[in-house]
Amino acid sequence: MSYPSEVVEVSELCKTYRVHRRPPGVWAALRSVMVRKTEAVQAVAGLSFRIAAGERVGFLGPNGAGKTTTLKILSGLLHPTSGTVQVGGFVPFARDPGFLKQITLVMGQKQQLLWDLPPSETYAMNRAIYEVPKAQADDTIRELTALLDVGDLIQKPTRQLSLGERMKCELIAALLHRPRVLFLDEPTIGLDVSMQAKMREFIRTYNEKYGAAVILTSHYMDDVTALCPRVIVIDHGKLIYDGDLKALVRRVRPDKRLTLRLSGPVDRAVLEKLGTVVTHDQGQSVLSVAPALLNATVQGALSTLPVADLSVEDPPLEEVMRELFRGTAVGRQPAAGDAA
Amino acid sequence: MSVAPLAPRRDVDGGAETFWRALRRAGRAYPTLLRVGLSEVVAYRAEFIVWILTTNMPFVMLGIWHAVAAEGTVGRFGRADFVAYYLGGWTIRLVTSTWLVWELSMEIRGGTLSTRLLRPLHPLFTLAAQHMAALPMRILVVTPVVAAMFLLAGDKLAVRDPRVLAVFLVSLVGAWFLIFFTMVFLGSMAFFVESAIGIFEMWLGLHAILSGYLVPLELLPRWVARIARLSPFDSMLAFPLETLTGKRDLHAALASLGVQWLYLAVMAVAGLTVWRRGVRRYVAFGG
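Chains as they are written, first to last, in my numbering: chain A, 1 to 340; chain B, 1001 to 1287.
Source of the hints: derived by calculation from the structure; they are not laboratory data. The model shown is predicted, which means the values in this text are computed figures rather than measured ones. Among the hints, erroneous ones may be present.
As the list claims (entries may be wrong) - In silico DMTMM-like cross-links for lysine to aspartate or glutamate, where the CA-CA straight-line distance does not exceed 20 Å:
(1) A:110 <-> B:1107
(2) A:198 <-> A:208
(3) A:246 <-> A:319
(4) A:246 <-> A:318
(5) A:256 <-> A:281
(6) A:110 <-> B:1103
(7) A:209 <-> A:139
(8) A:156 <-> B:1040
(9) A:37 <-> B:1194
Sequences and hints are given; from them, build the entire structure.
What follows is the structure in structure tokens.
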């Protein structure tokens, strides 16, 4: 199947849940038997964006921003309240088998592997359900097990695998049918740092090899920084930024981070003359410096301080997000001009 | 940049392909689904055996009625009739029952139904395969009881007549599907209420009385028996059981078979309707 260049198209998407609310206490519990008060909670409020084939997009926002709801709508699990959604030319919530064969949704906290059977049994089941030819499925399993360094773990009962091993096996199950659109919701949650790095590398390799679009949500900003040139940021279900990640960082936190590894003790007061001190530990200090002053600050540091090593970086994405959601930087206005 | 034209908007769950095409695709997947399902049943064998042990009510009832019949026949039932009835009833129930309502209710509440909904095969096909896969293990368990039934009350069984045997076997298939779709109907209530288990417990109580599971229908008060025979519970157990034990002659059994498959059609439509409406409301919380 040839894919349109834009595989995801969302226009004015809204999703409202009806939620039952009652105050605590026995009397309220009894009253709720007779009178159930519900209220509408708008999880997604007029979201619009497009994603092209092969793009890797980070989908960011604080808890409750509407990220997971949007991913569930895009993967066909939820019906939108209003607006239009197309993924690969399909209306997701119709859940046409042709659509479901082209997508996958990986949720870090949920699993599809059969608990008491080895992952290979889940793969056999998925192969049958997705109608993947045996030779292709064997090839894919061989390739993915090698990429993820899984070895013969796929023959061990799932319940005996560690979290990291299970996540790798989950990814293989999710990609066995070689989907063209990957919805990844916290795919590295709970994994250690090296396993997170391995997962990122794997996702990038899959994206580059198969030209698959990747839409990723993660609270680990390292995932987003490493994988996603473009980010879509939402808050309270509304788009507040859609565009280049570096541009967002420049816009929200234009200052650079100057990290100095020092070979001798330096007084904090001396560092404060060079820039805003972010951290000052034994042997290492981090300064926040305006871009215009960067050259002068570096020269000053090298000439006046016992510098063993020096590096210049953008501020961490976590800080950018904190700043963004405080509403002090770009505010809550859509930044359409930045759209990739 | 071009965007593909809108696919036809289909508001019904899984309505994008025809039923027959879906059935053909399911048929191709079934050998693997059944094999994997059987592996799961084997993995859960301890839990399975414990569940079997909890279905001992027919044996308790058999003990009671067997003692009562020592004083003389009860209606058309002598001691051997009770043996055939309760061992047959236990066997039929074990072969035709499913626990789907528990699964559906938990998966809908916990959001784990999402995994099934994301696969390109209707979840009811995969659920049916999972439950059909348990049949070989169940048949293995009931075999000694069936042997004991033939040994102790073989002359009370009507299935020596191949025509009755044929009706009986078809009635088992009908009962399995009727119970399956009833479970789909009840389980899908979890889309609308907090849990379908309470509704299921009510259903279970009615089933125990009106299906002849606890007491043969003809030994119930006449008005209760009349209601029971008109209800779908008759088709779930009493009809196959009375056909097996010769309490329903071939003519009556054929009529009951028609009624059973009519109920099956009605229940399938009702179950699928509630399912489809429910899926539209599904919120996938926690999953």
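Legend entry - Distance restraint between residue 198 of chain A and residue 208 of chain A, which requires alpha-carbon spacing of 20 Å or less: holds, 15 Å
Inset, instruction - Take a quick look at whether residue 246 of chain A and residue 319 of chain A sit within 20 Å of each other, Cα to Cα. - result: holds, 14 Å
Inset, instruction - Assess, step by step, whether the Cα of residue 156 of chain A is no farther than 20 Å from the Cα of residue 1040 of chain B, and give holds or violated. - result: holds, 14 Å
Legend entry - Given pair status - residue 1103 of chain B, residue 110 of chain A, alpha carbons within 20 Å: holds, 16 Å
Inset, instruction - Would you mind confirming whether the straight-line C-alpha gap from residue 209 of chain A to residue 139 of chain A stays at or under 20 Å? - result: holds, 14 Å
Legend entry - Agreement of residue 256 of chain A and residue 281 of chain A with the hint, judged by alpha carbon distance not exceeding 20 Å: holds, 19 Å
Legend entry - Pair hint outcome, residue 246 of chain A versus residue 318 of chain A [Cα-Cα no greater than 20 Å]: holds, 13 Å
Legend entry - Given pair status - residue 1194 of chain B, residue 37 of chain A, alpha carbons within 20 Å: holds, 15 Å
Inset, instruction - Measure nothing beyond the straight line between the CA atoms of residue 110 of chain A and residue 1107 of chain B; if it is 20 Å or shorter, mark the hint as holding. - result: Between residue 110 of chain A and residue 1107 of chain B the Cα gap is close to 12 Å, so the pair holds against 20 Å.
When the structure is compared with the earlier hints, no violation turns up for any of them.
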